[in-house]
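Produce the entire structure from the sequences given, and follow the hints as far as they go.
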Amino acid sequence: MTGPATDDIVVDHLTKQYKKLRAVDDLSFTVRSGRVTGFLGPNGAGKTTTLRMLLGLVTPTAGTATIGGRKYVELHDPIRHVGAVLEASSAHRGRTGRNHLRMICRAAGLPDSRSDEALELVGLTPAAKRKFKGYSLGMRQRLGIAAAMLGDPRVLVLDEPANGLDPEGIRWMRDLLKALAAEGRTVLVSSHLLGEMQLLADDVVILAAGKLIRQGPVEDVLGSMGAAQVRVRTPQAAELTDALGKINATVSPQPDGTMLVSGAEAAAIGHAAFAASVELHELTPERGDLEQVFLQLTAGMAGIR
Amino acid sequence: MRLVNAELFKLRTTSIWWIMGIILLPLYAASLGFNWLSSYALVSGQADGGASDAQAQVDAVSQPINIATNLYTTGQYMGVLIVLLLSAIIVTSEFFHLTATTTFLVTPRRETVILAKFGAAIIVALLVWAITTLLDLLLVPIIMDALNIGNQLGEPAVWRAIGLNALAFLLWAVLGVGLGVLIRSQLAATLILGIVYTIGTGVFAIIFQLLETYVAKWIQNLEVLVPTTASQLMLSGTELPGNPPRWVGALVLIGYAVIAGVVGTLITKRRDIS
Ligand SMILES: Nc1ncnc2c1ncn2[C@@H]1O[C@H](COP(=O)(O)OP(=O)(O)O)[C@@H](O)[C@H]1O
Ligand SMILES: [Mg+2]
Numbered sequence: 001m002t003g004p005a006t007d008d009i010v011v012d013h014l015t016k017q018y019k020k021l022r023a024v025d026d027l028s029f030t031v032r033s034g035r036v037t038g039f040l041g042p043n044g045a046g047k048t049t050t051l052r053m054l055l056g057l058v059t060p061t062a063g064t065a066t067i068g069g070r071k072y073v074e075l076h077d078p079i080r081h082v083g084a085v086l087e088a089s090s091a092h093r094g095r096t097g098r099n100h101l102r103m104i105c106r107a108a109g110l111p112d113s114r115s116d117e118a119l120e121l122v123g124l125t126p127a128a129k130r131k132f133k134g135y136s137l138g139m140r141q142r143l144g145i146a147a148a149m150l151g152d153p154r155v156l157v158l159d160e161p162a163n164g165l166d167p168e169g170i171r172w173m174r175d176l177l178k179a180l181a182a183e184g185r186t187v188l189v190s191s192h193l194l195g196e197m198q199l200l201a202d203d204v205v206i207l208a209a210g211k212l213i214r215q216g217p218v219e220d221v222l223g224s225m226g227a228a229q230v231r232v233r234t235p236q237a238a239e240l241t242d243a244l245g246k247i248n249a250t251v252s253p254q255p256d257g258t259m260l261v262s263g264a265e266a267a268a269i270g271h272a273a274f275a276a277s278v279e280l281h282e283l284t285p286e287r288g289d290l291e292q293v294f295l296q297l298t299a300g301m302a303g304i305r
Numbered sequence: 001m002r003l004v005n006a007e008l009f010k011l012r013t014t015s016i017w018w019i020m021g022i023i024l025l026p027l028y029a030a031s032l033g034f035n036w037l038s039s040y041a042l043v044s045g046q047a048d049g050g051a052s053d054a055q056a057q058v059d060a061v062s063q064p065i066n067i068a069t070n071l072y073t074t075g076q077y078m079g080v081l082i083v084l085l086l087s088a089i090i091v092t093s094e095f096f097h098l099t100a101t102t103t104f105l106v107t108p109r110r111e112t113v114i115l116a117k118f119g120a121a122i123i124v125a126l127l128v129w130a131i132t133t134l135l136d137l138l139l140v141p142i143i144m145d146a147l148n149i150g151n152q153l154g155e156p157a158v159w160r161a162i163g164l165n166a167l168a169f170l171l172w173a174v175l176g177v178g179l180g181v182l183i184r185s186q187l188a189a190t191l192i193l194g195i196v197y198t199i200g201t202g203v204f205a206i207i208f209q210l211l212e213t214y215v216a217k218w219i220q221n222l223e224v225l226v227p228t229t230a231s232q233l234m235l236s237g238t239e240l241p242g243n244p245p246r247w248v249g250a251l252v253l254i255g256y257a258v259i260a261g262v263v264g265t266l267i268t269k270r271r272d273i274s
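So the protein sequences, as listed, match chains A and B. Counting from 1, one number per residue, gives the positions in the first sequence under full-length UniProt numbering. Counting from 1, one number per residue, gives the positions in the second sequence under full-length UniProt numbering.
Hints are computed from structural coordinates only; laboratory data are not their basis. Treat the hints with care, since some could be wrong.
[What the hints assert, rightly or not] For lysine to aspartate or glutamate, the following DMTMM-like pairs were computed, each having C-alpha atoms within a straight-line distance of at most 20 Å: (1) A:Lys71 to B:Asp272; (2) A:Lys20 to B:Asp272; (3) A:Lys71 to A:Asp8; (4) A:Lys178 to A:Asp166; (5) B:Lys269 to A:Glu74; (6) A:Lys71 to B:Glu111; (7) A:Lys131 to A:Glu87; (8) A:Lys133 to A:Glu87; (9) A:Lys71 to A:Asp12; (10) A:Lys129 to A:Asp116; (11) A:Lys211 to A:Glu291; (12) A:Lys178 to A:Glu120; (13) A:Lys19 to B:Asp272; (14) B:Lys269 to A:Asp77.
[Said to hold, decoys possible] Sample of chain A residues with no beta-carbon within 12 Å of chain B, all distances over it, derived: (15) Asp26; (16) Ala182; (17) Glu286.
Positions of the beta carbon are idealized from the N, C-alpha and C atoms, including for glycine.
What follows is the structure, given as structure tokens:
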């Protein structure tokens with residue numbers, strides 16, 4: 001396989017105009033390899049449309065989307081390079097899961113044995129010979145992931161893969177995608193489940209009403225919205241508040257007896273406490289909540305269009 | 001070639017092929033019985049044409065060689081119908097079952113996918129042709145013997161009819177794929193193709209009769225543009241009196257097949273898959 005130099009996904013001024021609706025509006029972002037990138041947006045934001053344009057299924061009105069510098073349709077044997085999971089129900093109801101995968105293997109010139117390996121990878125081996133119509137939604141998602149993994153691709157694109165999975169399945173998928181990214185692959189996952197994304201993604205691309213709202217590492221996006229806070233527990237609240245006042249940190253006492261400190265890092269707080277001889281029982285940096293940040297960022301832009 | 005193989009694999013791994021097979025066999029038996037009876041009627045001279053033109057036609061078809069070509073292509077009518085529907089379903093099922101996404105992800109060059117479907121449909125068509133022809137070669141000599149007209153297998157016209165029969169299967173398969181792309185809905189495609197194929201000839205004959213009577217005589221010559229009529233013309237054993245030459249029928253069918261194929265491919269290339 002003569003792959004391109006990198007496996008980055010580059011979306012460049014991508015636009016899709018349906019009759020009245022601009023589903024995707026001059027969208028640009030980059031997805032880097034070796035990381036899991038969450039593609040976030042409320043329902044109808046244009047995530048699916050963007051991914052389908054990236055994969056050559058929908059023709060953009062303007063702009064381009066490339067994978068490793070090439071358009072999907074220009075890739076030779078694309079499924080050896082890019083694996084995609086688009087919707088959970090895209091297999092023939094009367095065909096067995098294993099034959100669904102074999103059909104793809106035949107069309108892509110992969111050996112039939114790949115289908116058994118992929119079934120094993122997603123834990124579907126016991127259901128291999130069952131027809132697709134007997135699969136639960138979670139099993140269908142797993143079959144989709146198996147199909148995406150057939151060609152051992154360097155790039156993975158998944159549209160709402162957590163839909164229909166039970167908590168155990170979601171955890172399994174999170175571990176799988178993280179492991180794949182850790183091997184240096186590019187992983188782009190769309191979702192509207194923000195709690196899940198916070199656990200999974202390294203980077204996020206936030207979309208609303210077809211437009212890019214924010215892109216960057218999760219920490220940066222969280223940090224940009226309201227400074228991070230540190231939770232502190234101490235028996236000497238008054239003394240610590242004084243000490244922190246001197247380093248310009250703000251303290252807000254909480255009902256549970258702890259204090260949330262903003263404007264200072266955990267290390268600085270610890271140092272100030274030490275210098276003032278204040279005893280600390282807890283010193284925990286609080287990670288911002290992606291869901292809150294997301295709701296702030298997309299306020300007024302969510303909703304069905 | 002591996003895509004044609006994949007398309008055949010798709011057909012093989014669902015129930016559609018044996019459903020069609022189960023439908024085909026009794027229909028074949030019925031056609032054979034019907035042809036036997038009509039051949040018997042012709043041989044014993046019971047069929048009566050009436051008007052002189054029609055009488056000439058009856059005389060023509062009741063020659064042993066024409067009876068033979070008719071019998072050795074038994075199963076054509078129903079076989080072609082099955083092939084036509086299967087060919088359309090090869091395309092429409094991709095949209096019906098939402099597998100088009102998977103298919104075009106594996107092969108984003110859509111024209112190659114459609115080409116592979118044409119290839120697969122043609123292979124299926126030739127397979128059905130081979131099966132019906134094999135049955136014909138086994139069973140028809142027995143009938144011919146019973147009718148006391150010899151098996152006629154030494155006649156080149158018989159082998160030409162069998163060959164043209166293969167061409168008909170092939171062209172209808174191409175037509176089916178092309179029309180499957182044009183009429184994307186599975187239900188609509190099977191209904192429309194099934195109805196037009198079975199009663200289309202009769203309906204168009206009536207329409208043309210009326211046009212001919214009330215508009216202009218020359219319109220009659222256009223009746224060959226009806227695909228089923230064209231197919232019949234291409235296959236008929238001798239140049240029947242009052243009909244255009246048979247190559248016109250072949251040309252009309254090829255024309256339709258090419259148009260359906262090209263238009264269907266162009267549409268598929270442009271369409272958004274969502
Ligand atoms: N084929 C289509 N024709 C017209 N509008 C469409 C089509 N596909 C999607 N849309 C519209 O485009 C918008 C974005 O849809 P989609 O990309 O599916 O959003 P998401 O995946 O983020 O929920 C929606 O408002 C949807 O109704
Ligand atoms: Mg979507």
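Looking back at the hints listed earlier, which ones does the structure fail to meet?
No numbers; nothing is violated.
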